[in-house]
Amino acid sequence: METILKDRVALVTGAVGGIGQAISLRLAQEGALLALNYLVEKDETAEEFLNQVTRQGYRAKLYKADISRFDEAVGWSKQSRRTSAPSTC
Numbered sequence: 004m005e006t007i008l009k010d011r012v013a014l015v016t017g018a019v020g021g022i023g024q025a026i027s028l029r030l031a032q033e034g035a036l037l038a039l040n041y042l043v044e045k046d047e048t049a050e051e052f053l054n055q056v057t058r059q060g061y062r063a064k065l066y067k068a069d070i071s072r073f074d075e076a077v078g079w080s081k082q083s084r085r086t087s088a089p090s091t092c
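First residue of the sequence shown? That's 4 in the working numbering, and the numbers climb one at a time after it.
These aren't lab readings, by the way, just hints derived from the structure by calculation. Please note that the accuracy of each hint is not assured.
Simulated pairs of lysine-lysine, BS3-like, Cα-Cα distance not exceeding 25 Å [what the hints assert, rightly or not]:
id, residue 1, residue 2
1, Lys67, Lys45
2, Lys9, Lys64
3, Lys67, Lys81
The task is simple: from the sequences and hints, build the whole structure.
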């Protein structure tokens, strides 16, 4: 099966909650490398979701940032690009 996003990095905001999780999983199914953004208060939930994603064989990395703050949003974007592929890939 060909995947349309093979080895492309997908930056997903709000990745550890409801819709964000569903979007993340769908992108992963299409072959994307996931750069998952989450808020500081959700450390445990974020780690649990990362474990769920990687147990299914998908590739992902967590990024803690409040993207309502411009500097953190830019930092997340730059860090995701620098790594190019999440470290668990």
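Next on the checklist: Hint check: Lys67 vs Lys81, CA-CA at most 25 Å. Holds or violated?
Outcome noted: At roughly 13 Å apart (the allowed maximum being 25 Å), Lys81 and Lys67 satisfy the hint.
Next on the checklist: What's the verdict on Lys67 and Lys45, does the C-alpha distance respect the 25 Å limit or exceed it?
Outcome noted: holds (9 Å)
Checklist entry - Does Lys64 lie within 25 Å of Lys9 when you go C-alpha to C-alpha? => result Answer holds: Lys9 to Lys64 is near 16 Å, not above 25 Å.
Hint compliance for this structure: no hint is broken.
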